[in-house]
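**Q** Listed below, chain by chain, are the residues.
Protein chains: 2
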Amino acid sequence: MYSYDQLFNFSKEVFIAMGHSEEMSLSAAKVLISADLRGVDSHGIARLKGYVRLWEVDRINAQPKIKVVHETPSTAVVDADGALGLIAGPEAMKIAMEKAENVGTGWVSVKNSNHYGIAGYHSMMALDKDMIGISMTNASPLVAPTFSKERMLGTNPISVAIPADKQPPFVADMATTTAANGKLEVLQRKNEEAPLGWVQDKEGKPTTNAKGVQEGGALLPLGGDRDHASHKGYILGSIVDIFSSVLSGANYGPWVPPFVSFIDPLPNLVGEGLGHFFGAMRVDAFRPKEEFLGHMDNWIERFRNAEPVNSGVKVQIPGDYERGMEAERSQKGIKLLDPVIEDLKGLGDKFGIKFL
Amino acid sequence: MYSYDQLFNFSKEVFIAMGHSEEMSLSAAKVLISADLRGVDSHGIARLKGYVRLWEVDRINAQPKIKVVHETPSTAVVDADGALGLIAGPEAMKIAMEKAENVGTGWVSVKNSNHYGIAGYHSMMALDKDMIGISMTNASPLVAPTFSKERMLGTNPISVAIPADKQPPFVADMATTTAANGKLEVLQRKNEEAPLGWVQDKEGKPTTNAKGVQEGGALLPLGGDRDHASHKGYILGSIVDIFSSVLSGANYGPWVPPFVSFIDPLPNLVGEGLGHFFGAMRVDAFRPKEEFLGHMDNWIERFRNAEPVNSGVKVQIPGDYERGMEAERSQKGIKLLDPVIEDLKGLGDKFGIKFL
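For the protein sequence lines, the chains are X and H, in the order given.
Counting from -8, one number per residue, gives the positions in the first sequence under the numbering used here.
Counting from -8, one number per residue, gives the positions in the second sequence under the numbering used here.
Just to be clear, a hint being listed does not mean it is correct.
As the list makes no split between identical chains, a pair holds if one copy fits it or if it spans any two.
[To be verified] Lysine-lysine pairs mimicking BS3-like chemistry, simulated, CA-CA at most 27 Å apart:
| id | residue 1 | residue 2 |
| --- | --- | --- |
| 1 | Lys280 | Lys345 |
| 2 | Lys85 | Lys181 |
| 3 | Lys85 | Lys280 |
| 4 | Lys280 | Lys120 |
| 5 | Lys174 | Lys196 |
| 6 | Lys341 | Lys21 |
Hints are computed from structural coordinates only; laboratory data are not their basis.
Produce the entire structure from the sequences given, and follow the hints as far as they go.
**A** Here's what the structure looks like:
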């Protein structure tokens, strides 16, 4: 078991060793380890080695000049200059919130970035300011649209965070696929099969093979098959792709650079890096704050108390699971898998930082 | 077979007979019949009788004073004053577009409204102005959240319309359930069963009974069951509900007034009428218009040419199906079912308007 502080400090030191400033390293470590804390193990410190490798092949710039390249009172495009998305994300979200402060809402599309950790970290930044936060990103192409054999989209998550008053906030953070990659990794480790509707094989046929994606297949959009409206998952992933990259000038669809350093980006790229999209809406840009927050409390209470199918399993509010994990792991610490510990020891050796 | 003009003119006359102005009647008929034209028969003229019945029980105001009650440079809340959503929708979308003209984007939440036809009509209004249009609405509670026996949400659709240059636009318009009610109605008429994942029975158990909702069950959120991420459909429907009604002051969740006139709204309502949410984003608020439109063309062409599973079935772009229907029905006319024709004749008799 590792404490939050241990993982945070180690990651921060690694980011510094890559050449990032103290401030950027602190910001990146905070985003990264928020994933471990909230139970999204696939997006946390387990990815640190991947980020380092991308930096080693010059696909991450540790001294980026992140800047606004186009704007209106409620919008901006940010050029992340090859930064870690872990650093560009919070910068861009801050700009969206400043614009919301001024004109009610702010919308920022980011190009020339990299993976940005969990989508929910960025949307949740808005909560303290009584704003609704929105965050989405495209990612390495692993998902086949309905009727396609080819991988055209990433798991392209959408996060929406909505403040309440006495109730904890509504925090949705979802991949637009039936199952996130992390869930398949769990099955792969246990050598178990996946339910139909998660993966197709390289011929485009439904499969229960949890390793189907590695064997040339693809993840399936939310819905899973045509009868269960997989075209809607494809629609959602496409909207994320277009807002993140066609609006900003980043790469979209199959051109999004892969997260793994051993696969080169495609030739003849259509944009720069990968893209994100952020939004912030002041709730009092719509109605008095107290009214909004009071009704959100009521919304949450009413849904929590919806009559359950099974009296032992209550209806959940988006964010409940992650909040539970955060409470538990803040107290008891974070467990890492052996291969992850090995990776971190390796990084420690590489940079002369001790991993506890 | 009926021509677009026949159905449009008849509906317009009915709206006038209800006491609407010429201008409002024209606007409402245009939205209503756009559904028939685009192949969404459940939301078109088949609903005209339902709107009239709501008016008869004083739940629709034919002489509404639609007004902005709260605003910032990029946002507004509109009080629809009990109008048809078919009338309030385009009014509110126009306000969103004016704000986008001024500050880059515009976001309008509407209260005290009624059903607004197809979501896609409103989002598509933005296309001519080289804006991205967004439209969503809550609706009569028919959908059970994951783990719930109780109906808490409507089919709460989301529509996003994105302009392109030489390619036709990307127009997504999707219920946040696995299947829209219209699809179940088709099965009911044929006495066929529904795939598992569309409906649960009144005990909350999965069922293939296409009449399950009428028999006390519920529609299921996109995903269908927990293994296929129905919580994501529940999240999407919830976001639509909150943006449409908690932001505006309309009713949300189980309090949304039912579309049918013979079920009274619940006592102790939490807001006024039902709610919609509209957004407009100028594409040139993010990057030069030509660049954006050119890359959208490229996005659409690349996805259309994704390698298909079956060489006879190409990957589709959102909006292709409805465009095909519109082309066909503009030429060949619109076929109505006998019960719909009977309803329309009845309306004609009631108001002294001849239905051809």
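**Q** Each hint: holds or not?
**A** Hints and how they fare:
{"no.": "1", "hint": "Lys280 with Lys345", "in the structure": "neither (48 Å within a copy, 51 Å between copies)"}
{"no.": "2", "hint": "Lys85 with Lys181", "in the structure": "neither (41 Å within a copy, 54 Å between copies)"}
{"no.": "3", "hint": "Lys85 with Lys280", "in the structure": "both (21 Å within a copy, 26 Å between copies)"}
{"no.": "4", "hint": "Lys280 with Lys120", "in the structure": "within (11 Å within a copy, 33 Å between copies)"}
{"no.": "5", "hint": "Lys174 with Lys196", "in the structure": "both (20 Å within a copy, 25 Å between copies)"}
{"no.": "6", "hint": "Lys341 with Lys21", "in the structure": "within (22 Å within a copy, 67 Å between copies)"}
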